[in-house]
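**Student:** Chain residues, written in single-letter form:
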Amino acid sequence: MTGYYVEGDSWLHRLRTSTALLSALAVITVLGVVPRWWLVAPVAVALVPLYRSAGLWLRHLWRGLRTILLLAAVLVAFQVWLQGPLRAFEIAGQLVVAVLVANLVMMTNRVTAMVRTISAVAVPLRRFGVRRERAELLLALTIGCIPRVAAAMSGAREAAVARGVRPRLVTVVPAALVTMVREADEIGDAMAARGL
Amino acid sequence: MSRTTPRDLALVAMFAALVAVLGMPGGISFFGSVPITAQTLGFMLAGAILGARLGALSVIVFDLLLAAGLPIGAGGHGGLAVLTGPTGGYLIGAIPGVFLTGLLVQRFGRRNAVAVALACVVGCMGVVYLVGIPWSAWRLDSGLLGVAQSAVQFLPGDLAKCVIAALVTTTVVRAYPPIETIGTDRDATADREHERVDAA
Numbered sequence: 061m062t063g064y065y066v067e068g069d070s071w072l073h074r075l076r077t078s079t080a081l082l083s084a085l086a087v088i089t090v091l092g093v094v095p096r097w098w099l100v101a102p103v104a105v106a107l108v109p110l111y112r113s114a115g116l117w118l119r120h121l122w123r124g125l126r127t128i129l130l131l132a133a134v135l136v137a138f139q140v141w142l143q144g145p146l147r148a149f150e151i152a153g154q155l156v157v158a159v160l161v162a163n164l165v166m167m168t169n170r171v172t173a174m175v176r177t178i179s180a181v182a183v184p185l186r187r188f189g190v191r192r193e194r195a196e197l198l199l200a201l202t203i204g205c206i207p208r209v210a211a212a213m214s215g216a217r218e219a220a221v222a223r224g225v226r227p228r229l230v231t232v233v234p235a236a237l238v239t240m241v242r243e244a245d246e247i248g249d250a251m252a253a254r255g256l
Numbered sequence: 012m013s014r015t016t017p018r019d020l021a022l023v024a025m026f027a028a029l030v031a032v033l034g035m036p037g038g039i040s041f042f043g044s045v046p047i048t049a050q051t052l053g054f055m056l057a058g059a060i061l062g063a064r065l066g067a068l069s070v071i072v073f074d075l076l077l078a079a080g081l082p083i084g085a086g087g088h089g090g091l092a093v094l095t096g097p098t099g100g101y102l103i104g105a106i107p108g109v110f111l112t113g114l115l116v117q118r119f120g121r122r123n124a125v126a127v128a129l130a131c132v133v134g135c136m137g138v139v140y141l142v143g144i145p146w147s148a149w150r151l152d153s154g155l156l157g158v159a160q161s162a163v164q165f166l167p168g169d170l171a172k173c174v175i176a177a178l179v180t181t182t183v184v185r186a187y188p189p190i191e192t193i194g195t196d197r198d199a200t201a202d203r204e205h206e207r208v209d210a211a
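As they're listed, the protein sequences go chains A and B. Residue 61 is where the first sequence starts when you use the working numbering, and the numbers rise one by one after that. Residue 12 is where the second sequence starts when you use the working numbering, and the numbers rise one by one after that.
It cannot be assumed that every hint is accurate.
[Unchecked claim] Just so you have them, the derived chain A footprint on chain B, three or more residues with Cβ under 8 Å:
1) 52-62
2) 88-95
3) 146-155
[Unchecked claim] Footprint (simulated), chain B over chain A, 3 or more residues, beta carbon under 8 Å:
4) 107-120
5) 128-136
Bear in mind the hints are in silico, worked out from the structure with no lab data behind them. Each residue gets a CB set at the ideal place from its N, CA and C atoms; glycine is no exception.
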């Protein structure tokens, strides 16, 4: 699960993750609220030198682009028909730019740094009894649980096959859920034993 | 509101991970090209089994990890781009949606498949669409496209998943009855765990 990170030492890599994340969110939000060509076009053009300054090449740009290209094409086709070509390119453009901006942040920040930064959302919730260490622990715990759940699912699937039953969601998932709840009991006990 | 125990946190983590695993490529695919995964099934199960508070928390955890860039979105996509994209509203709407499903299930029980299915329809479809459709209408600048997308891409699969979620929930409660009380004050799985430790 390395995600999208691309090794490097550019100014964008060294930029604080919180700064990068907030700037990206700001750009995406502004473009989403005011999707006008005089705003979308300059940002789109600026993306190329930005990617280059992070040591990223066209193929990195393309990696984000190809996930949205089909949607953008369909959207342009519909919106040309509904609201005319300018509006179509404004709407599709801000969507594509949003993907590229978000990907730039992910390519220049490790997932671990992102998780740590994102757990900061817990800080303003402190007065409701949410503690940041717990939020960070919960996020990390979930990442650790993904292989456990995957193993529980494939175990349940293999058990069904071994019994000669066709593995179906309705039979496999309940078996996996029981395993998951039991493992959660054990993890909970282990955490309680460590005073968490 | 009861205190969140370490075991509650572990359950929340497990169900957030379940949503991630169910969304991985190679899940179920109805229309071939459109990646319809069992991800929403994970949301429904989180609400139906963990209840309102812990279920909604597991959705928040999933959304945050997705935003952090883990490729756990439907079809192996990830990152802020998924949350801010046209279908991001469905992932954000899942927070109140799962909360309502959990609330209804806590009220009407986890043994009646019809009640659980209806709780999923009201929460994980009704509320989720209520956020998701206006969101995609905003992102695509067209209410028509927003509605069409939900109707074509999500509606048929989601209805089927409500039924599957209900069947899974009733089966799992029969197979492991203590699950029925997770998230309530009389959480029997915790007690039972202690009995097992005592017996050992």
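**Student:** Compare the structure with each hint and give your call.
**Tutor:** Structure-based check of all given hints:
Counting residues of the stretch 52-62 of chain B whose C-beta sits closer than 8 Å to any C-beta of chain A gives 3, which meets the bar of three, so the coverage hint holds. Counting residues of the stretch 88-95 of chain B whose CB falls under 8 Å from any CB of chain A gives 6; the rule of at least 3 is met. Taking a C-beta to C-beta cut-off of 8 Å, the stretch 146-155 of chain B contributes 6 residues in contact with chain A, enough for the three needed, and the coverage statement holds. Residues of the stretch 107-120 of chain A lying with their CB closer than 8 Å to a CB of chain B number 0, which falls below the three-residue condition for coverage.
By the rule of at least three residues with a Cβ nearer than 8 Å to a Cβ of chain B, the coverage given for the stretch 128-136 of chain A holds, with 3 such residues.
Hint 4 from the list above is the single one not met by this structure.
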